[in-house]
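Respectively, the protein sequence lines represent chains A and B.
At position 43 of the first sequence (counting the first as 1) the number is 43 in our numbering, and the numbers step up by one without a gap.
Numbering-wise, our numbering comes out as the position in the second sequence, counting from 1, plus 1000.
Hints are computed from structural coordinates only; laboratory data are not their basis.
Backbone N, C-alpha and C fix where the C-beta goes; we use that ideal spot for every residue, glycine too.
A few of these clues could be false.
Per label pair, the in silico range of CB-to-CB distance [unchecked claim]:
no.: 1; chain 1: B; residue 1: SER1072; chain 2: A; residue 2: GLY180; range: 20 to 30 Å
no.: 2; chain 1: A; residue 1: GLY180; chain 2: B; residue 2: ALA1007; range: 51 to 61 Å
no.: 3; chain 1: A; residue 1: SER13; chain 2: B; residue 2: ARG1014; range: 48 to 58 Å
no.: 4; chain 1: A; residue 1: GLU178; chain 2: B; residue 2: GLU1022; range: 40 to 50 Å
Partner residues aside, some chain B positions facing chain A, computed with beta carbon under 8 Å [stated by the list, open to error]:
no.: 5; residue: THR1080
no.: 6; residue: TYR1084
no.: 7; residue: PRO1086
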Amino acid sequence: MADILALVLKHNSAQTQGLKNFSFTSGTGWNTSPCMIVGERCGIKTSLLFLAAVTAASELGVKVLFLTPTPIQKLPAPLQDSLANLNPDGLKKIKFMYPRSQEELLQDVASLHESACGSAAPPSLLIVDGLERYLGRGRGRARGGAWRQPAGDGWLAVAHISALLVDTAAFLGRKLEERGGAGASCRVLVSFDTERQGHAPGELPAQDPVLSVLDRYFPVRATLDRDRSAAAPGTAGEPGAVWQVYFSGVGVTAGHAPGKGEGPNPGLQWRLAICQNGAMEFSLVSGENQAKQ
Amino acid sequence: MSSYLPAVAEQLLRDIRKVYQETSQIPDDLLLALKFVFGPSALQALDLVDQRSVTCLSSPSGRTAFQVIGGSGRPYTCYTSCHYCPCPAFAFSVLRRNDGLLVTAAHFLSETRGALEPPPFRRAAFGSAATALFLSVRAAERKPVGRLLFSTRKKSSVKPS
Chain A
1 MADILALVLK
11 HNSAQTQGLK
21 NFSFTSGTGW
31 NTSPCMIVGE
41 RCGIKTSLLF
51 LAAVTAASEL
61 GVKVLFLTPT
71 PIQKLPAPLQ
81 DSLANLNPDG
91 LKKIKFMYPR
101 SQEELLQDVA
111 SLHESACGSA
121 APPSLLIVDG
131 LERYLGRGRG
141 RARGGAWRQP
151 AGDGWLAVAH
161 ISALLVDTAA
171 FLGRKLEERG
181 GAGASCRVLV
191 SFDTERQGHA
201 PGELPAQDPV
211 LSVLDRYFPV
221 RATLDRDRSA
231 AAPGTAGEPG
241 AVWQVYFSGV
251 GVTAGHAPGK
261 GEGPNPGLQW
271 RLAICQNGAM
281 EFSLVSGENQ
291 AKQ
Chain B
1001 MSSYLPAVAE
1011 QLLRDIRKVY
1021 QETSQIPDDL
1031 LLALKFVFGP
1041 SALQALDLVD
1051 QRSVTCLSSP
1061 SGRTAFQVIG
1071 GSGRPYTCYT
1081 SCHYCPCPAF
1091 AFSVLRRNDG
1101 LLVTAAHFLS
1111 ETRGALEPPP
1121 FRRAAFGSAA
1131 TALFLSVRAA
1141 ERKPVGRLLF
1151 STRKKSSVKP
1161 S
């Protein structure tokens, strides 16, 4: 999945040099690892998922299944300018499903293998927007600020949804390969809301115990942290808002050719700015700037 | 450290598969390594394999899952491509305590599949109710296979081979 996110960043980056062969991960095995976008509650994650869906459909020509509990009535505002540069036929390759509960999500994902029996190709990208909304009540903080542990079967519920998504994607990937797509795979991308805790830039947000379970199944993580400094006065999702995007996880190394003077791990930190026209613009944070922060 | 241990475990299972394919034996040092990495759960998982408590279920679409009859007699459905089991031991030791690995019989067989001949598990084909199997609703895990299947609206069949 990291390969599609890398494609999204490249297509929406103000930089043109040094990103031709950019990838987050070393080796092809990690490029399709399930990926999770984590950050405080806001619409920017939905916009990013939507942009990934459209990019995958229009640039790679693959079918996408977008699962979200809330029906999408219109294009997210930050995407309206970005989409002008993409092939509109790509939208036709995206199928939206709106499971309203954990049971409906499990049912929809568990039955996806049936689609592999027909003549139509199965989806190559599974996206779940707002995974936390399927994890039931009881999540969040108790009085005093400590994270509440999932109760009863809560641990298994988190693992079950994640494992079912990963196992389904693995099966669909094998089916896509059988159809003649050498190297074809089915990727998984999810978003997960967590509370902001006043952490330092670059530090992983929160110690929500659910995240430790999700990390088992989604080894690549993109963490969104809103820049609240004076230089970035916009509110979340509005023009002027700035986000820092950190990539981490197993196999994540970043791989564009770094220039002299850049620090370690260039490419793991990006800046996401909402432009005045509402478009999302990414820019690579150099190793030197990472060291300053 | 926690990110490396699963990779070590997966490599160990791959090594067992490779050695068994070449020699038709699992040498003591690899069994000891299995015990070292996974702890007591390794013996319990191998015991379930020896007792042929594992059934490989396949749907008409070709998707497979393992169903393991646990020590308590309850059936648990495990996925073949990722580490998950709805048993209480997995929930407690792996998910909640997060302080170690747990090898399940299904995990062991999934990683060594194809190497162990004859395969140490039964096979069964599922009819149109396979989705209910992959759904593996946690409450339904406690029901015998037949009840799990017949509790779905679609007609189903189980054909042990």
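Evaluated hints:
1. SER1072/B x GLY180/A: 20 to 30 Å: Once the Cβ atoms are compared, 45 Å apart, the range 20 to 30 Å for GLY180/A and SER1072/B is violated.
2. GLY180/A x ALA1007/B: 51 to 61 Å: violated (31 Å)
3. SER13/A x ARG1014/B: 48 to 58 Å: At roughly 38 Å between Cβ atoms, ARG1014/B and SER13/A fall outside 48 to 58 Å, so the hint is violated.
4. GLU178/A x GLU1022/B: 40 to 50 Å: For GLU1022/B against GLU178/A, whose Cβ atoms are near 28 Å apart, the range 40 to 50 Å is violated.
5. THR1080: holds (7 Å)
6. TYR1084: holds (3 Å)
7. PRO1086: holds (6 Å)
Hints 1, 2, 3 and 4, counting from the list given before, are not met by this structure.
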